[in-house]
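Visitor: Each chain, written out:
Number of protein chains: 4
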Amino acid sequence: MIKAGIIGASGYTGGELLRLLVNHPNVKLELATSRSLTGKPVTSTHKHLESFLDLKYENPEAGEIKDRCDVVFVAVPHGSAMDYVPELLDGGTKVIDLSADYRLETSLFEEVYETPHKDPRKAVYGLVELHPEAAEEDFVANPGCFPTGTILAAAPLAAAGLIDIAVFDSKSGISGAGIAPTQTSHYPNLAENITAYKLTAHRHRAEIFQELNRLDQKLRNINFTPHVIPSIRGIFTTAHLFTKETLSNDDLKTIYEDFYRERPFIRFPSGIPTLTAVRGTNFCDIGFEADKENNRVVVLSAIDNLVKGASGQAIQNMNLMFGLDEKLGLWLPAAAP
Amino acid sequence: MIKAGIIGASGYTGGELLRLLVNHPNVKLELATSRSLTGKPVTSTHKHLESFLDLKYENPEAGEIKDRCDVVFVAVPHGSAMDYVPELLDGGTKVIDLSADYRLETSLFEEVYETPHKDPRKAVYGLVELHPEAAEEDFVANPGCFPTGTILAAAPLAAAGLIDIAVFDSKSGISGAGIAPTQTSHYPNLAENITAYKLTAHRHRAEIFQELNRLDQKLRNINFTPHVIPSIRGIFTTAHLFTKETLSNDDLKTIYEDFYRERPFIRFPSGIPTLTAVRGTNFCDIGFEADKENNRVVVLSAIDNLVKGASGQAIQNMNLMFGLDEKLGLWLPAAAP
Amino acid sequence: MIKAGIIGASGYTGGELLRLLVNHPNVKLELATSRSLTGKPVTSTHKHLESFLDLKYENPEAGEIKDRCDVVFVAVPHGSAMDYVPELLDGGTKVIDLSADYRLETSLFEEVYETPHKDPRKAVYGLVELHPEAAEEDFVANPGCFPTGTILAAAPLAAAGLIDIAVFDSKSGISGAGIAPTQTSHYPNLAENITAYKLTAHRHRAEIFQELNRLDQKLRNINFTPHVIPSIRGIFTTAHLFTKETLSNDDLKTIYEDFYRERPFIRFPSGIPTLTAVRGTNFCDIGFEADKENNRVVVLSAIDNLVKGASGQAIQNMNLMFGLDEKLGLWLPAAAP
Amino acid sequence: MIKAGIIGASGYTGGELLRLLVNHPNVKLELATSRSLTGKPVTSTHKHLESFLDLKYENPEAGEIKDRCDVVFVAVPHGSAMDYVPELLDGGTKVIDLSADYRLETSLFEEVYETPHKDPRKAVYGLVELHPEAAEEDFVANPGCFPTGTILAAAPLAAAGLIDIAVFDSKSGISGAGIAPTQTSHYPNLAENITAYKLTAHRHRAEIFQELNRLDQKLRNINFTPHVIPSIRGIFTTAHLFTKETLSNDDLKTIYEDFYRERPFIRFPSGIPTLTAVRGTNFCDIGFEADKENNRVVVLSAIDNLVKGASGQAIQNMNLMFGLDEKLGLWLPAAAP
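Top line first, the protein sequences correspond to chains A, B, C and D.
Residue numbers for the first sequence follow the numbering used here, so the first one is 58 and each next one is one higher.
Residue numbers for the second sequence follow the numbering used here, so the first one is 58 and each next one is one higher.
Residue numbers for the third sequence follow the numbering used here, so the first one is 58 and each next one is one higher.
Residue numbers for the fourth sequence follow the numbering used here, so the first one is 58 and each next one is one higher.
It is worth saying that the hints were derived from the structure and are not from the lab.
Heads up, some of the hints might be wrong.
Not close to chain B: a few residues of chain C, all C-beta gaps over 10 Å, as computed [what the hints assert, rightly or not]:
id, residue
1, THR102
2, ASP195
3, ILE222
4, ASP273
5, ARG336
6, ASP348
7, TRP388
Distance condition first, Cα-Cα at most 30 Å in a straight line; then the derived DSS-like pairs of lysine-lysine [claimed, not checked]:
id, chain 1, residue 1, chain 2, residue 2
8, B, LYS310, B, LYS179
9, D, LYS255, B, LYS97
10, A, LYS384, B, LYS60
11, A, LYS97, C, LYS255
12, D, LYS275, D, LYS179
13, D, LYS255, C, LYS384
14, B, LYS310, A, LYS113
15, A, LYS85, A, LYS179
16, A, LYS97, B, LYS310
17, A, LYS113, A, LYS301
18, D, LYS85, C, LYS85
19, B, LYS255, C, LYS175
20, D, LYS113, C, LYS310
21, C, LYS275, C, LYS384
22, B, LYS255, B, LYS301
23, B, LYS255, D, LYS104
24, C, LYS255, C, LYS175
25, C, LYS255, B, LYS310
26, B, LYS301, C, LYS349
27, A, LYS275, D, LYS310
28, B, LYS301, C, LYS275
29, D, LYS310, A, LYS255
30, B, LYS179, B, LYS255
31, C, LYS255, B, LYS301
Sample of chain D residues at the chain A side, in silico, Cβ under 8 Å [as the list claims (entries may be wrong)]:
id, residue
32, GLU118
33, LYS228
34, ALA253
35, THR257
36, SER288
37, THR295
38, ILE329
39, THR331
40, GLU346
Even for Gly, the Cβ is constructed at its ideal location relative to N, Cα and C.
In isolation and in its complexed conformation, chain A is listed as follows:
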C-alpha cells in the first residue's frame, strides 16, 4: 500500500483528496495536516467522511512527514508549498503540489504572484493528457482549475497550429474560491446572479499561455476572462477560437478524437457538455461547433473544478507516478442529476 499524506487537508481540495483516497485500493491514508485544527478528528470539519476515516489532524515537521509517507499531496496556498517541497523531495518522498508554486518558470512565477521564489526545482506540469511524463518523475505541479478546462479545450487545435486568436470565457462554481466565507460566496450575492472578476489579468492566464505556447509558439493572442456562477462545483469554459483556416464540424471531430485517443478521462458527449455529468468526477467533457461565418470555432469544456481541476487530477498523477492504471480510485460516474 502507498502511504499517502496531505499537507493542508482541511480545505475543499483536501476534502476531495480524502474522499477519493479512502476508497483507493492501493492507498493507505497516513497523515492529514492542519495547523489550526491539530488534534481534532478530520471528520469534525469534513462531516461527510464520517464512518470512512479515523484520522486526526496533525501538524508534524516536513522531516517526519517524509519518513511516514511515500507520497505527499501539498494543498496549501501559493507561497507556502515551497516551504515543504524541497525537504520532502530530498527525502525520497514523491510530491504532488496542488499550489501554484511550481507551475510556472521561476521568474514568471515571481512576476505573476509578486512573491520571491525560494526553490529553483522544476516540476512536471501535471496535466496528464498533455504530460504523460509524470510517470517518470517524483515531482508534479498539479495544474490550476481554470487552466485545466481551458487548455484541454484548445490543445488539439493549438497542437495543429491552427489557432489565431483564443478567447476563453470561463464560468466557475464558487467552491474554487475556498472554504472560507467571503462577500463573493455570500449566498445573497451569488444566487440569481453571476459575476466576472480579473477581467483581463487573472493569474491563471500565465499557465494557459505557457502551456498553449508549448504546443504552438506562434500563438500569442490568448485571452481569458473568468466568471463565477451560482453553482457549487464545476467549470464550464466557452472557448471562442479564431482559426487560420475554415474548419468544419467533421474536421473538428477528427482533430479532437485523434488528439485524445486513449485518454479515458476525456469524453465527447452528444450535445452540449454539462457540469452535471462531470460533477464529483475526473472527466473533462468536450463539445464543439464551427461557425460558418468568421473562421470561429466554439469549443466547450466541462470539468469539476475540485476533481479534474484539482484533487482528482492529483490522484491521476499519483497513479502514473506509481505505475498504476491512471483510472484507479477515480473511475466513478457522476451522481446525476
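Dock chains B, C and D against the given chain A, drawing on the hints supplied.
Guide: This is chains B, C and D only, laid out in the frame that chain A set:
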C-alpha cells in the same frame, strides 16, 4: 456474478440503479428496459454514464426477463409493477419493486391509490434497518422516499412506545417528482421559493402510518406534510414528536444509538444533519433535541431521496437477499460540498 | 414632507427602508447613519440605489438626529437601539425600532436576550393587523420576521380560542441572517441544502408566545422551529395547528376572511402561497387546509422577511403614525417570477 | 389616461407589462388577451397581481381591440404578431410589438425565422438609447433581450468605428425561455449547471449585426454565443471587443459616458455590474476594462431580460410615443438583494 435487470431504466431511479450497479463488484448489468427508448443506447439519456455502459434499452416480455436475470429492479409507476411481478417471481427471479404496488396491504393500496390490485402476493417492506428479514425473501417492496426519512426518524421512539403525537414536516428536493418537466419543476417556479403540497393527505402517509403502527399500535396521531425546496436531491425531515414522558437529550442519545447499533447506514453527525453530507449516498443522518417546555422532541433526518430513498436502498436489499455485505457497492462518501 | 432618518442604514433592512422610502410620496430622506461608513455615499454599498439617492452615510449624535428628523427608523442590532430611543422620543421624534429591544416585556427581554435593559419605556408591538393602535402612538417596536409570519398564520384561530397545540415550522431565506458572510450564508453550505437551527429555543418564540397569548391566554403549547432554505428572501411558515374542535375548510375560510377583512396586505391566493408572489412586497399571503383525521389544521403563510417581516411593516407603521393610508409607498406588486 | 391593451398577456412578458402598467400614472389597463384562458381572471395565472387587477382574459378581434385601445402591446410568438399589427395600425392605434416580426428587414426576417412575412410595414427598432425617433412614430419593434444587452455594451465603440472583432458571450436567466416547462427549464437540469445553445447561429445574432452595422458598416466580424445560467432573470453579457487602437480605461470611460449622457436607464456602477442591481428594473448597468495585452476591451452589461430586455423597454417606448417622460412608471430601484 448476479445478473441484474432494471424494468423502467430511463427515469431518475433507473439512472441511480445503473450508476451504483456499474461499479458493484458482484453484479453484471444484463438488461435495462424502456418502452419508448427501445434500441437507443442507455447513455443517450443517462449521459453521465458515458464510458461506463454499453447497454441499449430493450423492451422484452416478462418471460424473457426472468430467464436472463437473477434479480430484477422494477422502477415503473405504481399500478404497472403488478403487471411484471407475478411472472418474474414464479420464474424464480428475485424482485425488488421500487413502485408503491406492494408496500401496503392490498385493500389499503386500493383505497389510497384508487386502483384495483391484481395480485395478492405479499412483499417484505424493505426498510432494511427495520426489516432485516429481507435476507430470507425473494420479494421486497422498496419503501417510498418520504417514508424512509420519516420512519427512520421516529422508529426508536415509536418502538419504545413513547410517542403521543407525531408531526412530520418534510422538505424534499425536486428530483422526487421525476425526470419529466412540470410546472413544479420549472426553474422560475421553484428557485428562490418553496412549496407545500398534499398538505394533509399525501399517499406516503399510509406507509408511514403502517410502519409506525407495527412498532406501536397505540400510536394513531400521525401527521405528514411534504414540501419541495430548491434542491435537486435530498429529503430533510423535521419530526416534531410529542412524547408521553419528558425526555432529555441524553435519553434521546441512548435510545437512538441503541436502536441503530450495527446499522452502518445510520449516522449521528455532530450538529445538524445536512443534505450535503448524504448527497449521492445511502446514509440516513439523524440529529435530535429535546424541547424543555412541551414534551416535544425535534428529530431531524437527512437522506438522498434517490439513493437511501430509492435506488441505494434497493441495492442494500439486493445485497441482503443474495447473502452479501449490505454495504457492497454502496460504501461511497458524499462529494461534499 | 416627513423628514425621515435611518439609524444603521448599511444593512439589508436599512437598504430596504431606503428602497421603499425613495419613492414614498410623503417622505424626504434626511439621514442615513453608519458608524463604519461615515462619509461614503450610501450607494457605495447599496449599489442598486444608484441614481435614486445622493445621501452620504453620517454618524451624528442622537440629539442632532432628533432635530433633523420627524421620524427615525432604528435598524441596529438588539441591545443598541435602547441607546438611541429615549433621547429621540423625549425630543418629540417618532421612533420605529426594528430591533428586538422593545418587543417584549422588559424582564422577559432580559431573560431571552441575556442583556440588561436600560429603558423601561413601552412600545406598541407593531404588527399592524393586530395592533392598529400604532396610529395613536409615537413609538413602535417593529416585529421580528419569524413572528410576523407565524402570528399572522395563527391569529384568527387563536383569537377564536380554538388552538390546543401550535407547531410552527418556518423556512426562511438567508437574508434574515444579515449582510455579513458566515458559514451559514456560504454558498457551498446553503445551496442544494436546508438547515435547521435553534430547534427548540429560538428567541423569536418569546414574541410568538406573547402575542398569541394576548389573543388566547389558555394557549400555552406553542412550538417553533426555524429553518434556512436556499433562497435570498422570504419566510414560508407551515403552521400545524391542533384544534379543540373539528374544523372544515369552509370554517377556516370564514374565520380567516372575517378576521382579516379590510386588511389590504393580507391576501388569500388560490392554491398554495408562494414566496415568489410576495417577494419585494409587504403582503402576507395565507392558505390553509383542514386535516380530516386528527383535528389538525395546516396553515401556510408567505412573507418577504425584509419587507413585511421588517422594513415594509416599519413603513406601514409610519404611515399609520402620520395619519396616512397604510398602503402609501408600499402598494407594489412582486416582480414575479 | 392612455387606454392600453396587451395581446398575449399570459406569458412572462405579459405579466411584466401588467405589473408595470398597474402603477403607471397615465395608463388605464383596458384589455388583456389570451386565447386559451378567455374568461378567467388574469390573477388566476399571474397570482402576484392579486389585489391589483380585476381584468379577465378576453379574446376579441383586432377590430375591437383597436377601438378600445390607444396603444397595444403585442406579446405573442414570432409569426403571429403580423396577424394583428396591420389592422391595429390602420385603425390609428399605436403598436409596440414585442415579437421578432418587425425587427429585421423583411427578407432577412424570412431567412432567419424561416417563415414568409405577410406585411411590408417598417417599424422603428425600439432600442430607445439608439433610436429616440420612436417619439415620432406609431409603430415600434421592441428589441430582443440578448440584442438589448449586447448592443448597448458595444454601441459606443462601434459608433466610434473602433471595433475590429466583437465576441459576445451572454449568460441569461431561464425566464427568457418562457412560462412553459421544458427540459432546459427543468430544475434538476439547470440548477448547479450552465448550458450553452445555438453556439454559432442564434437568431438574435441578426439583430445584433443589423444594429451594430448601422453604427459602423465596416464592422462585420460579430460573434454571439448565448448561455443559460441558474437564475430566473437577467442577462449578463461579456463583450470581448478587439479594437483597432489600444484603448485605456480612461478612454473607455470618456467614450461610454459621452455616448450615454442624458440616458437615465444607463448606469456605470463602480465595480462589476450585477444582475441583482437591475432585477425587476429597466436599467442597463455597464462596466469595462481594457486589456493591456491584445487590444482587447472587456465590456460587461447587466439587464433584466423581462424588463429592459422586453416589457420595461416597451413601456419606455410607449412613454416616448405619447410625449411622456421616459421614466414614468419605470423609475423603480431593484429589491436587492
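Visitor: A separate judgement is required for each hint: does it hold in the structure or not?
Guide: Checked hints:
no. : hint                   : result
1   : THR102                 : holds, 23 Å
2   : ASP195                 : holds, 36 Å
3   : ILE222                 : violated, 7 Å
4   : ASP273                 : holds, 16 Å
5   : ARG336                 : violated, 7 Å
6   : ASP348                 : violated, 4 Å
7   : TRP388                 : holds, 23 Å
8   : B:LYS310 with B:LYS179 : violated, 35 Å
9   : D:LYS255 with B:LYS97  : holds, 25 Å
10  : A:LYS384 with B:LYS60  : holds, 25 Å
11  : A:LYS97 with C:LYS255  : holds, 25 Å
12  : D:LYS275 with D:LYS179 : holds, 24 Å
13  : D:LYS255 with C:LYS384 : violated, 46 Å
14  : B:LYS310 with A:LYS113 : holds, 24 Å
15  : A:LYS85 with A:LYS179  : holds, 28 Å
16  : A:LYS97 with B:LYS310  : holds, 22 Å
17  : A:LYS113 with A:LYS301 : violated, 56 Å
18  : D:LYS85 with C:LYS85   : holds, 29 Å
19  : B:LYS255 with C:LYS175 : violated, 49 Å
20  : D:LYS113 with C:LYS310 : holds, 24 Å
21  : C:LYS275 with C:LYS384 : violated, 34 Å
22  : B:LYS255 with B:LYS301 : holds, 28 Å
23  : B:LYS255 with D:LYS104 : holds, 20 Å
24  : C:LYS255 with C:LYS175 : holds, 27 Å
25  : C:LYS255 with B:LYS310 : holds, 18 Å
26  : B:LYS301 with C:LYS349 : holds, 24 Å
27  : A:LYS275 with D:LYS310 : violated, 33 Å
28  : B:LYS301 with C:LYS275 : holds, 21 Å
29  : D:LYS310 with A:LYS255 : holds, 18 Å
30  : B:LYS179 with B:LYS255 : holds, 28 Å
31  : C:LYS255 with B:LYS301 : holds, 23 Å
32  : GLU118                 : violated, 41 Å
33  : LYS228                 : holds, 5 Å
34  : ALA253                 : holds, 6 Å
35  : THR257                 : holds, 4 Å
36  : SER288                 : holds, 5 Å
37  : THR295                 : holds, 6 Å
38  : ILE329                 : holds, 6 Å
39  : THR331                 : holds, 6 Å
40  : GLU346                 : holds, 4 Å
Hint compliance for this structure: hints 3, 5, 6, 8, 13, 17, 19, 21, 27 and 32 are broken, all remaining hints hold.
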